[in-house]
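Visitor: Go ahead and model the full structure; you've got the sequences and the hints to work with.
Same order as they appear, the protein sequences are chains C and S. Under the working numbering, think of the first position of the first sequence as 1, with each following residue one higher. Under the working numbering, think of the first position of the second sequence as 1, with each following residue one higher.
Simulated from the structure, these hints should not be mistaken for lab results. Glycine included, each C-beta is placed from N, C-alpha and C at the ideal position. Errors might be hidden in some of the hints.
For the chain C half of the interface with chain S, some residues (derived, Cβ under 8 Å), not all of them [to be verified]: (1) 58; (2) 90; (3) 104; (4) 151.
Taking lysine-lysine and the DSS-like style, the derived pairs with C-alpha atoms no more than 27 Å apart in a straight line are [stated by the list, open to error]: (5) C/198 / C/627; (6) S/242 / C/82; (7) C/82 / C/72; (8) S/82 / C/90; (9) C/198 / C/72; (10) C/563 / C/198.
Computed spacing ranges between beta-carbons, pair by pair [what the hints assert, rightly or not]: (11) C/19 / S/246: 55 to 65 Å; (12) S/4 / C/669: 39 to 49 Å; (13) S/182 / C/145: 39 to 49 Å; (14) C/19 / S/136: 27 to 37 Å; (15) C/428 / S/73: 32 to 42 Å; (16) S/136 / C/80: 25 to 35 Å; (17) C/172 / S/13: 38 to 48 Å; (18) S/125 / C/122: 30 to 40 Å; (19) S/246 / C/79: 23 to 33 Å; (20) C/638 / S/3: 27 to 37 Å; (21) S/3 / C/145: 23 to 33 Å; (22) S/117 / C/278: 34 to 44 Å; (23) C/195 / S/136: 48 to 58 Å.
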Amino acid sequence: MSDPVLEVTGLDVTFGSGPGAVHAVRGVGYALHPGEVLGIVGESGSGKSVTSLAVMGLLPAHARVTGSVRLKGREILGAGEKRLTAFRGKTISMVFQDPLSALTPVYRVGDQIAEAVRIHQDVSRQAADRRAVELLDLVGIPNPAQRARAFPHEFSGGMRQRAVIAMAIANDPDVIICDEPTTALDVTIQAQVLEVLKTAQRETGAAIAMITHDLGVVAGFVDRVLVMYAGRPVETGPVDDIYYRPRMPYTIGLLGSVPRLDVGGRRRLVPIEGNPPSPDALPPGCPFAPRCPMVVPECDAAEPPLEPVGSGDRRAACIRAGEIEEGRTRPGEVYAPSGGGRAGRPAAPGAGAGERRLPAPRGERGTVLAVDDLIRHYPLMKGAVFKRRVGTVYAVDGIGFDIREGETLGLVGESGCGKTTTLMEILELARPQRGTITVLGRDTAAMTSRDRMAVRRDMQVVFQDPLASLDPRMTVHDILAEPLRTHGVGDPGPRVRELLLLVGLDQQHAARYPQDFSGGQRQRIGIARALALEPKLIVLDEPVSALDVSIQAGVINLLEDLKARLGLSYLFVAHDLSVVRHIADRIAVMYLGKIAEIGQVDRVYDTPMHPYTQALLSAIPLPDPEKERSRTRILLEGDLPSPAAPPSGCRFRTRCPKFRDVLSDGERERCVDEEPVIRVLDEDQGAACHYAEKIKVV
Amino acid sequence: MAGFLFRRLLNYVVLIVVATSLAYMLAAGALNPRANYEGRNPPIPPAVIDARLTELNLNDRTPMFERYLTWAGGVVRGDFGKMVTGGSVNEDLARRIGVTLRLITIGLVLGSVTGVLVGAYAAVRQYGAFDRVSTGASFFVLAIPTVVLANMLIIAAVWVNGLLPQPIVYVSGEFSAGLTGGFWARAVDRIQHLILPTISLSLGLIAIYSRYQRNMMLDVLGADFIRTAMAKGLRRRTALIKHALRTALIPAVTYFAFTFGSLLVGTTFTEKIFGWHGMGEQLVNSIYTNDVNSVAAISCFAAFAVLVASLASDVLHAVLDPRVRVG
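Guide: Spelled out as structure tokens, the structure:
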């Protein structure tokens, strides 16, 4: 094998000094060979981003970095600014997470790319501008010459990320570091950007370090994986070995806690108990020991080094990795209920297996929420002095669905499709602009304020951001007691204790404040608050999207248990289709204010009928390297059209692969002229497409 | 853009008319020019006073609305009437605008540029020695009223002059009366007069701008695009100046236009203390001498200056920041 182009050894990063020092990265090492793609995987706070910034020399001055970073054999750690600027952007470049803020707002996109060219190449301004246009073309921006003159705010998120990638490959680098390049993007856009990254790699032959928390993104994209935990690498090896033969209990746990898009029938998720340690208060010995189901007393003695396991290029930092390798403990059994371990607190008392016991067929159960032909239009205003209406934003434009007792409906779609607006319309309990909302048999249009108060008791909400939705000045007890007091329950004390127990929190926690809890615990408090009044319907707005996978699994399990025990119905709004497949009974897919497809969850996932659902499911990367490599993606072109000017006829036709490739001109006419309505084509599966047919995409 | 500007201007004309008319009525109702002629020794016959006041359109025996119409008719033709001394308000103010412009242009440019640089550097070296000293000094200056600051400067200047064989800064007036010599001698003399009021004016502005710019800069310094700029190989210094300062400068520049407008009539204390016969001084003097026409004219000018400045600041904002441009 050729010499590594980037070699990191014993990298340590410390912020601050003295007893308050935070040791964010501890002894990270990896080698990147030419053309190789390395995935660096870890949850938030594992030090993966800090590592990459340290390699680039972009950490703030108060960070102390030691170790060695060799780029093409030359040590660059601690090099002077002159040497650093000579290789930054030329030999090694970087793609950042947030495309919205990664470009300077006051310069044209083309100029910013040309700037990157001119820093390292002695070319004229015109030549650099031409190169910028070429690069924009390469990363798939339509009309590149014209778009190069645009300012960043005129680009969508996906286009900005393409521009940042164009900048990163401007000087034909040897190494590209991608720091969560698709985390802030929608799945269909993520699929486009990953394609662009593949093109970029093909064009430049660069090695890529791909930093992400998404195990699906890594599976199909990388050659080797480095798993980080608490600032250290805990396992490294070829991608197939890591996914199919993990040797470190943390990796096993991480893979087990990911909801799978390709597995139906509700395999129960296996969360990793506890929370990642804070980098300023690491436990003695192995940092994963407090959460590890395989922990033995020796684990606390010393931190295990990253040592070779078995054959090949495998390393794991676990004293029992050899045991798993030899087959004495099988990876699948590590998190089995009998596995013991000191962290073995059940997620919720009485948490049974995940099987569903539906009391009656769907048609015979009562309806808790029915929405029919709901619309919500917003006026689009313009002008600073004289405001005038220049258009209408069709945020929600005629949707309908119903939720039966004990049922979960997943409402999914990309950002801007109207799912949150729908939710807010339902929560408002007021007369909608058009259509009807019926909550628990009562029409919201006819409600008095007293009725509303009564219905709110039965319909509660859990929000996305667990910290922002809890008042930081109230103790947990007060937060949970507030709805009880509002609705006139005498002594909330016993019920608060009951609620804490129900969501798997200690009763002693009642006196603490929200900021004393981790993200997952805060979301449990939010759920407990929603449960306080024993509602029948809970509306969940992206309840797990702010949580790490290992924590998310616990919250999902909790929601499933609560539903089974308390007979709840959920309206579950999310953009993550894997999570929805796991928790929902039925699913409604929204596109530009309309429902594209609705139906029973396994039917929709296994054989989607609407081209949008097909593209959406196809865009989601699976945490399974072999499946990922053999899949062909249905790639959507372009961005979501503006909801202020939806296309005529079928709203999806401008991006529809079927419209573009399959249909004849005569058939297309119908898509342009006639708006499709939802047709039930099979038992409980309907799609709003004139030419719907079942395809298997996952 | 042109349509937007036109609508803005139309709005402003209405605003100026309303503001100036109200100012005239307030001045005409509250000030009493008759008092200037009464109680003299020997007493002036009332008929003579009446005739004089009528000539100046200041006679309180004429109904106020009639006086207003006479005045407004003049204003429409571009004539702001006569001062109590009998001179033309137009001529007087034209001269004074020149004086004030000389004073504030240099003071404002010096104050804002220095302030921006001080603030930007303080932000880059946040919590460093320079940041702490500049923060302390800014609050010190902001806490002292202009009157005190100007007099402290005068005392210091007098002391410095005393140490030298001949004075290098003058503490009063625009120029030395009766100075002989060529163009250069007069220019030097004017500069010597300009130094103290300019320092007095810019110190306060430096204090304000440095605080303002420091905050703007701190907001931008943590931004991702600075990291992007450095990741593509720019030196930190270049990234800070070209990407951070350029972005953080937008609010300061729009504020600059606004300050310019408000200072045209707002340097009252500086002008009074340093004996500069500018607009600010005349505002105080005209009220003191019951000069209704001057008060109204200055109010009109102030309204005009502030509105033009706010228009300029909007236009500048649109020029500098592509995000606020509307298609």
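Visitor: State for each hint whether it applies.
Guide: Hints versus structure:
1. 58: Holds, about 6 Å.
2. 90: 6 Å, holds
3. 104: 4 Å, holds
4. 151: Result: holds, 4 Å to nearest chain S Cβ.
5. C/198 / C/627: It holds: about 18 Å lies between the C-alpha atoms, which stays within 27 Å.
6. S/242 / C/82: 18 Å, holds
7. C/82 / C/72: Measuring from Cα to Cα gives roughly 17 Å; hence the hint holds.
8. S/82 / C/90: Judged against 27 Å, a Cα distance of about 72 Å means the pair is violated.
9. C/198 / C/72: 22 Å, holds
10. C/563 / C/198: 43 Å, violated
11. C/19 / S/246: 55 to 65 Å: Once the Cβ atoms are compared, 41 Å apart, the range 55 to 65 Å for residue 246 of chain S and residue 19 of chain C is violated.
12. S/4 / C/669: 39 to 49 Å: 42 Å, holds
13. S/182 / C/145: 39 to 49 Å: Since residue 182 of chain S and residue 145 of chain C have Cβ atoms about 60 Å apart, the given range 39 to 49 Å is violated.
14. C/19 / S/136: 27 to 37 Å: 30 Å, holds
15. C/428 / S/73: 32 to 42 Å: The hinted range 32 to 42 Å is violated for residue 428 of chain C and residue 73 of chain S, with Cβ atoms some 59 Å apart.
16. S/136 / C/80: 25 to 35 Å: 34 Å, holds
17. C/172 / S/13: 38 to 48 Å: 59 Å, violated
18. S/125 / C/122: 30 to 40 Å: About 33 Å separates the Cβ atoms of residue 125 of chain S and residue 122 of chain C, which means 30 to 40 Å holds.
19. S/246 / C/79: 23 to 33 Å: 28 Å, holds
20. C/638 / S/3: 27 to 37 Å: 32 Å, holds
21. S/3 / C/145: 23 to 33 Å: 29 Å, holds
22. S/117 / C/278: 34 to 44 Å: About 41 Å separates the Cβ atoms of residue 117 of chain S and residue 278 of chain C, which means 34 to 44 Å holds.
23. C/195 / S/136: 48 to 58 Å: With Cβ atoms ~55 Å apart, the hint holds.
Consistency with the previously given hints fails for numbers 8, 10, 11, 13, 15, 17, ordered from lowest to highest.
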